[in-house]
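S.K.: Could you put the whole structure together from the sequences, leaning on the hints where they help?
There are 2 protein chains.
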Amino acid sequence: MVLIELKVENTSYRTIWPSETDDRVVRIINQLALPHSFEIVDLRRAEDACFAIEEMQVRGAGLIGATAGFGMYLASLQAGNETFDQDLIRQAEKLKSTRPTASNLAWAVDRMLAKTSAGKTPEEKRTIAKAEAQAIADEDADFCRRIGEYGKAIIEEISARKEGAPVNVLTHCNAGWLAFVDHGSATSPIYAAHDSGIDVHVWVDETRPRNQGASLTCWELGQHGVPHTLVTDNLGGHLMQHGLVDMVLVGTDRTTGTGDVANKIGTYLKALAAKDNGVPFYVALPSSTFDFSIRDGLKEIPIEERSTDEVTFVTGLSKTNGELTSVRHCPPETKAKNWGFDVTPARLVDKLICERGICDASEEGILSLFPEKRKDPATP
Amino acid sequence: MVLIELKVENTSYRTIWPSETDDRVVRIINQLALPHSFEIVDLRRAEDACFAIEEMQVRGAGLIGATAGFGMYLASLQAGNETFDQDLIRQAEKLKSTRPTASNLAWAVDRMLAKTSAGKTPEEKRTIAKAEAQAIADEDADFCRRIGEYGKAIIEEISARKEGAPVNVLTHCNAGWLAFVDHGSATSPIYAAHDSGIDVHVWVDETRPRNQGASLTCWELGQHGVPHTLVTDNLGGHLMQHGLVDMVLVGTDRTTGTGDVANKIGTYLKALAAKDNGVPFYVALPSSTFDFSIRDGLKEIPIEERSTDEVTFVTGLSKTNGELTSVRHCPPETKAKNWGFDVTPARLVDKLICERGICDASEEGILSLFPEKRKDPATP
Numbered sequence: 510m511v512l513i514e515l516k517v518e519n520t521s522y523r524t525i526w527p528s529e530t531d532d533r534v535v536r537i538i539n540q541l542a543l544p545h546s547f548e549i550v551d552l553r554r555a556e557d558a559c560f561a562i563e564e565m566q567v568r569g570a571g572l573i574g575a576t577a578g579f580g581m582y583l584a585s586l587q588a589g590n591e592t593f594d595q596d597l598i599r600q601a602e603k604l605k606s607t608r609p610t611a612s613n614l615a616w617a618v619d620r621m622l623a624k625t626s627a628g629k630t631p632e633e634k635r636t637i638a639k640a641e642a643q644a645i646a647d648e649d650a651d652f653c654r655r656i657g658e659y660g661k662a663i664i665e666e667i668s669a670r671k672e673g674a675p676v677n678v679l680t681h682c683n684a685g686w687l688a689f690v691d692h693g694s695a696t697s698p699i700y701a702a703h704d705s706g707i708d709v710h711v712w713v714d715e716t717r718p719r720n721q722g723a724s725l726t727c728w729e730l731g732q733h734g735v736p737h738t739l740v741t742d743n744l745g746g747h748l749m750q751h752g753l754v755d756m757v758l759v760g761t762d763r764t765t766g767t768g769d770v771a772n773k774i775g776t777y778l779k780a781l782a783a784k785d786n787g788v789p790f791y792v793a794l795p796s797s798t799f800d801f802s803i804r805d806g807l808k809e810i811p812i813e814e815r816s817t818d819e820v821t822f823v824t825g826l827s828k829t830n831g832e833l834t835s836v837r838h839c840p841p842e843t844k845a846k847n848w849g850f851d852v853t854p855a856r857l858v859d860k861l862i863c864e865r866g867i868c869d870a871s872e873e874g875i876l877s878l879f880p881e882k883r884k885d886p887a888t889p
Numbered sequence: 510m511v512l513i514e515l516k517v518e519n520t521s522y523r524t525i526w527p528s529e530t531d532d533r534v535v536r537i538i539n540q541l542a543l544p545h546s547f548e549i550v551d552l553r554r555a556e557d558a559c560f561a562i563e564e565m566q567v568r569g570a571g572l573i574g575a576t577a578g579f580g581m582y583l584a585s586l587q588a589g590n591e592t593f594d595q596d597l598i599r600q601a602e603k604l605k606s607t608r609p610t611a612s613n614l615a616w617a618v619d620r621m622l623a624k625t626s627a628g629k630t631p632e633e634k635r636t637i638a639k640a641e642a643q644a645i646a647d648e649d650a651d652f653c654r655r656i657g658e659y660g661k662a663i664i665e666e667i668s669a670r671k672e673g674a675p676v677n678v679l680t681h682c683n684a685g686w687l688a689f690v691d692h693g694s695a696t697s698p699i700y701a702a703h704d705s706g707i708d709v710h711v712w713v714d715e716t717r718p719r720n721q722g723a724s725l726t727c728w729e730l731g732q733h734g735v736p737h738t739l740v741t742d743n744l745g746g747h748l749m750q751h752g753l754v755d756m757v758l759v760g761t762d763r764t765t766g767t768g769d770v771a772n773k774i775g776t777y778l779k780a781l782a783a784k785d786n787g788v789p790f791y792v793a794l795p796s797s798t799f800d801f802s803i804r805d806g807l808k809e810i811p812i813e814e815r816s817t818d819e820v821t822f823v824t825g826l827s828k829t830n831g832e833l834t835s836v837r838h839c840p841p842e843t844k845a846k847n848w849g850f851d852v853t854p855a856r857l858v859d860k861l862i863c864e865r866g867i868c869d870a871s872e873e874g875i876l877s878l879f880p881e882k883r884k885d886p887a888t889p
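The listed protein sequences correspond, in order, to chains A and B. Residue numbers for the first sequence follow this note's numbering, so the first one is 510 and each next one is one higher. Residue numbers for the second sequence follow this note's numbering, so the first one is 510 and each next one is one higher.
Read the hints as simulated data drawn from the structure, not as lab findings. Please note that the accuracy of each hint is not assured.
Below 25 Å or equal to it, Euclidean Cα-Cα: the simulated SDA-like pairs (lysine to any residue) are [said to hold, decoys possible]: (1) 784(A) <-> 812(B); (2) 828(B) <-> 566(A); (3) 784(B) <-> 848(A); (4) 882(B) <-> 767(B); (5) 605(B) <-> 620(B); (6) 784(A) <-> 752(B); (7) 784(B) <-> 767(A); (8) 671(A) <-> 844(B); (9) 784(A) <-> 807(B); (10) 639(A) <-> 566(A); (11) 844(A) <-> 829(B); (12) 844(B) <-> 706(A); (13) 784(B) <-> 805(A); (14) 828(A) <-> 830(B); (15) 846(A) <-> 620(B); (16) 808(B) <-> 751(A).
Partial list, derived from the structure: chain B residues whose beta carbon lies under 8 Å from chain A [claimed, not checked]: (17) 593; (18) 724; (19) 731; (20) 820; (21) 821; (22) 838; (23) 839.
Beta carbons: idealized from backbone N, C-alpha and C, even for Gly.
M.R.: Next up, the structure:
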């Protein structure tokens, strides 16, 4: 087993953790400031957690879940002793409504509600909430670490077939440690492979409109020393046509029990190109990202529609004065549309990489890893 | 026949024209300044034409050809009487080397060389060059106008099937009048349909890295009053999955005699999505864009590799001070790759729309419209 240490200038960080000095405070890395500056933000109230999720100081399937878990812990601190359950449920609803597509969000909130309900007094419930939020975060990190081990084997195999030549992985958006508590989903096999000496190179999709590939994935791969190249979202097809991609590896915000994968807008286009060029398409996810309640991803997964300013403006450091600046590249009156995710049908997904192993992107494949989700055939 | 008048604030412009006051000067619209300001630039020497093409003051298949034609005219004015032919050939080589992918470029330069060679004296050759450059420009505009008429019939048919509901056309990059001398290739059917009262709406791909969709296509559609919506390059697949696209209509920089289509990077991904969702995929082109000398687009069309600054920086008007500013959205040390075009194989193209009509994207289809290109079967 390889120990993966994720380092920011030689200090290891998680994306969310309880303050070392005040256990009523939860700390996060403000991802809106990356890659230009590294800022830590303190969350003191459930509202801060809602704000952090909504404004995307934190984002990514696992981290949204973990932040919701800690948000529920903060809510438990705020909840009145007389009105504890109502107060907690109110905050639960608010947290759930911050982002519609990620299934880890509702999963984490519901898990917090179920666990805390076992407590007999508000104080006992608060103690449970604290432990459970930490458990969700630890579990996310551990599941991602295991995804890394399973996924590494795939990269290893390609590396052997290529006799040690660099394995080229294309990824979309950021499913890195910044999107989880640690390790990441799609990046975890990459880190594991890199750390064990396999020559791996990552094509990083810029990922318009919010550029999480350019600003987050490039940053974290760079911090970890993994060779990578930034490309526009338009380039992946050309790369695959010319044999420059050995595998596509992405994360997901919600995956149905039948293997349909909701992920950052544009993922579906890469899956089509992978299929057309015989490039294997892998999706890495901890089980918290499954939504076993729905079967048809295209019809049933709610797709978040976001501000059109994300399309008409691009933010970065000004070449002129080094300041964070937004620039508009279209006429001022231009209208835009901005859906944040798309759904890649299971037929385009080769394998899912989960904390329990690798399976087909199909109901049977998924149930083979998670047999406890199999409905009793006697149940109508 | 509908008269298409392309208007910029109520004045009709072509993208290139001889100066009204000095016939030794050729004028262009500086497309680098759009959509933020409308600037006209004077070309006085062949070197100015090279610069305009290389730096993308002018771009787009037809306009590159027309600028090369006028560049050869300017070269003829510069050429010494004693050294006319050598001088012209030297400038021809320089012009040809400015952009590698567009086939209109070499086509126009070679046409100018062939025509001028018929002149007996340098002065006669200059007169021929002037007329021929204008003929190339006029022919480009006329061919694009005809493409509009043929393509309009397709939009009309969809409109009738939808009982007048808006016809949603998705386009990539700018194959508008700005990319030609007038009318455009992909936009010409849109303008023709709009001008004849058909309800047509255009999804405009932003087209990273140079954002010609956001900055040029949105601008020219807006000037002409055609309803349109800007989307990131990632969105098209989702739109097609949800029935929001009736047809894809793009231009091309070079199309083989077998129907393989080189166009702006990312076109191939949209063609895959169109195929996967049963959306017809059309490519509009004047015959000057065909390259009958090659058969395998993927293997044989040279793909231009451009500066990686186009990927790591985005240019637009600053929200803060309204000035044209470049911003970097990735870490300073991030490396990038930037190929400018990809090749959509003929199997993904439903029809080609040319100045002579509509044909299959196949050797037989193309030869049915251009029988003069059919090789004598006796020729080995």
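S.K.: Next step is simple, just say for each hint if it's right about the structure.
M.R.: Hint-by-hint comparison with the structure:
1. 784(A) <-> 812(B): Answer holds: residue 784(A) to residue 812(B) is near 23 Å, not above 25 Å.
2. 828(B) <-> 566(A): Given pair residue 828(B), residue 566(A) holds - Cα atoms ~21 Å apart, limit 25 Å.
3. 784(B) <-> 848(A): 22 Å, holds
4. 882(B) <-> 767(B): Holds. Residue 882(B) to residue 767(B) sits at ~12 Å (cutoff 25 Å).
5. 605(B) <-> 620(B): Cα-Cα ~12 Å, so holds.
6. 784(A) <-> 752(B): 22 Å, holds
7. 784(B) <-> 767(A): 23 Å, holds
8. 671(A) <-> 844(B): 24 Å, holds
9. 784(A) <-> 807(B): Status holds; Cα separation ~17 Å.
10. 639(A) <-> 566(A): With Cα atoms ~22 Å apart, residue 639(A) and residue 566(A) stay inside 25 Å; holds.
11. 844(A) <-> 829(B): Judged against 25 Å, a Cα distance of about 20 Å means the pair holds.
12. 844(B) <-> 706(A): Measuring from Cα to Cα gives roughly 22 Å; hence the hint holds.
13. 784(B) <-> 805(A): Within the cut-off at roughly 21 Å; holds.
14. 828(A) <-> 830(B): Given pair residue 828(A), residue 830(B) holds - Cα atoms ~14 Å apart, limit 25 Å.
15. 846(A) <-> 620(B): Violated, at about 44 Å.
16. 808(B) <-> 751(A): 9 Å, holds
17. 593: Interface hint status for residue 593(B): violated (42 Å vs cutoff 8 Å).
18. 724: Holds, because the Cβ-Cβ distance from residue 724(B) to chain A comes to roughly 5 Å (cut-off 8 Å).
19. 731: Since chain A brings a Cβ to about 6 Å from residue 731(B), closer than 8 Å, the hint holds.
20. 820: 6 Å, holds
21. 821: 7 Å, holds
22. 838: 4 Å, holds
23. 839: Constraint on residue 839(B) satisfied, holds at 4 Å.
In the structure shown, a violation is registered for the earlier hints numbered 15 and 17, in ascending order.
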